[in-house]
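Participant: Sequence lines, in order, name chains E and D. Heads up, the first sequence is in the working numbering, so the first residue is 300 and it goes up one at a time. Heads up, the second sequence is in the working numbering, so the first residue is 300 and it goes up one at a time.
Any given hint might turn out to be false.
[Unchecked claim] Sample of chain D residues facing chain E (criterion: CB under 8 Å; computed from the structure): (1) ILE479; (2) GLU566; (3) MET570; (4) ASN578.
None of these hints come from the bench; they were simulated from the model. Given the structure is predicted, the values throughout are model-derived calculations rather than measurements. Glycine included, every Cβ here is placed at the ideal spot set by N, Cα and C.
Protein chains: 2
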Amino acid sequence: MSDTPVGLSSEREIARLISKVERGEVTDVAGELALGTSAGAHVIGITGSPGSGKSTLVDVLARQMRADGRTVAILAIDPSSHLTGGAVLGDRVRMSSHSQDPGIFIRSMGTRGSTTGLARASRDAVKVLDAAGYDIVIVETVGVGQVELDVLTVADTVAVVLVPGLGDTMQMNKAGIMEIGDLFVVNMADRPETSRFVRDLKQALAVGARHSHADMPPVCCTVALTGDGVAELWATLREFDERDQASGRRQARRQEQQSRELTRRIENQVMAMLHQTMNSSPRLDRLRQRVWAGEMTPRAAADEWLADLKVHMD
Amino acid sequence: MSDTPVGLSSEREIARLISKVERGEVTDVAGELALGTSAGAHVIGITGSPGSGKSTLVDVLARQMRADGRTVAILAIDPSSHLTGGAVLGDRVRMSSHSQDPGIFIRSMGTRGSTTGLARASRDAVKVLDAAGYDIVIVETVGVGQVELDVLTVADTVAVVLVPGLGDTMQMNKAGIMEIGDLFVVNMADRPETSRFVRDLKQALAVGARHSHADMPPVCCTVALTGDGVAELWATLREFDERDQASGRRQARRQEQQSRELTRRIENQVMAMLHQTMNSSPRLDRLRQRVWAGEMTPRAAADEWLADLKVHMD
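Next comes chain E alone, as it looks inside the complex (with noise of 0.2 Å):
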């Protein structure tokens, strides 16, 4: 656990390859960094409403662990944002207190073009972070859509952060919540109707833990404005880390991450032959002539235009 992150010599460094990517110049990042070495970084994936003191939270946590003795690389996504380029997001502005310590790295990333583009530059991004050498990446995301859930499998660990009170169950009810989070952090926990929500939280986890055959996931209370729970979450944190390295579970959600690229690869170079060839097929435009006319379905015209094609895999 160095001081200074090692592999990439500066943050200037670092920053450029991170912009390389976000504009879509680096078609290879492991191979760009030697064949994608990890330092090792543990990759922390904190997700949670708009709303819920997410921020605040990566940012008293982040202090901890500097305090620590480990250095942390912040990589906050908003895909609603159009900013990019390393700008700054509203609530990264109280971050700029860690700006003397070289232990400390914060990037956001905003939508540049398409959200797959965000997602894919994301993940890109942390592969960059992690081969630097920090000991930590935080990789933050606003709510659960599709491009956050794609930017979370590139974590080892994954806590979602959510808030007693108004929304309850919109927030546990939003479509991947439950299934997402190893872990579940209760912010604004000075609130009085946190114990009757943290039961029903625990009450939901325990039945979807029971479904999955899993674990039921730990739940931490945090009053992020001061302090209360952190050093707690952060132990918390540093367990999963421990025990996921010695059970051999990190190297099985890597490799399942690996997997995952390369299937994503193959497909989307298949699906860019197929649209070459649809675009100079005549034959298919004279199919959509007669979808157009009514004279048969998208579907029979699919069927019709593959049965002739020749698609050979093998």
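Following the hints, complete the assembly by docking chain D onto the known chain E.
Facilitator: Relative to the frame of chain E, chain D by itself:
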């Protein structure tokens, strides 16, 4: 403009077909409907954030359309809800006042299984309601996630509902929201900040229109709770309908939808074929092992597998 929809003989029959679509039991809804007969419904997409008063607005608007002799089907899509099978979403309870009117049909759809499943089922449900002979099909979606954008591709006209006040910038900057609207509705327009909000909105729309060389989309102000401005909104929607039919824009948009469906059908089948090939490829297994061992990047493995794979398309 008949007062009872034709084509599918009863509301019960329509509901049953939509349920089949929802369960994924209909592979070719257009075929089922005798080549996707469009009875010429005006399909109106209405989208807006939770809290924009969108559902109340749809309710009041539907009354106005009924008073004008039009039959109306309302399809409320909520990807964050797991309810399904025609379940009544919270705010749909209000609509029960219509329940004695055979000229109005209301259906809610939530996520059943995958969100792509919801997008597909919603598109098919619109086709069913169109074929059933309703004069107007309103597709109401929450927010502008990927599913919503997918669903709204089947609308002839899309109205985006906004509310003056906090979060203006966030609402407007949301990826895709400015691009998707044919018209914009400023609801709760009795708020004091309305005039400033409308001015800012029009400015932003004017910039967008200049960039895309398109007409400036109309902005309607409404107060759904009192009904203010709803008659004007209905008049604007009728104008869209008449103008788009006369100019051929309606037909062009429908053809575009059919082309998109044809493309999607082909892509899905090729993907299925690809996955089958990948799942039974020992060569891919070996390449995956080499990636896991750090001997090659996922990108290089993908290239190598595809290079030796015989994919012929012609």
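Participant: Does each hint hold? Answer for all of them.
Facilitator: Quick rundown of the hints versus the structure:
For ILE479(D), the shortest C-beta to C-beta distance to chain E is roughly 14 Å, which exceeds 8 Å, and the interface hint is violated. Interface hint status for GLU566(D): upheld, as the beta-carbon distance to the closest one in chain E is roughly 7 Å, under 8 Å. With a least beta-carbon distance of about 7 Å to chain E, the hint placing MET570(D) at the interface is held under the 8 Å criterion. Because the closest C-beta pair between ASN578(D) and chain E is about 10 Å apart, greater than 8 Å, the hint is violated.
The structure fails hints 1 and 4 (numbered hints given earlier, in ascending order).
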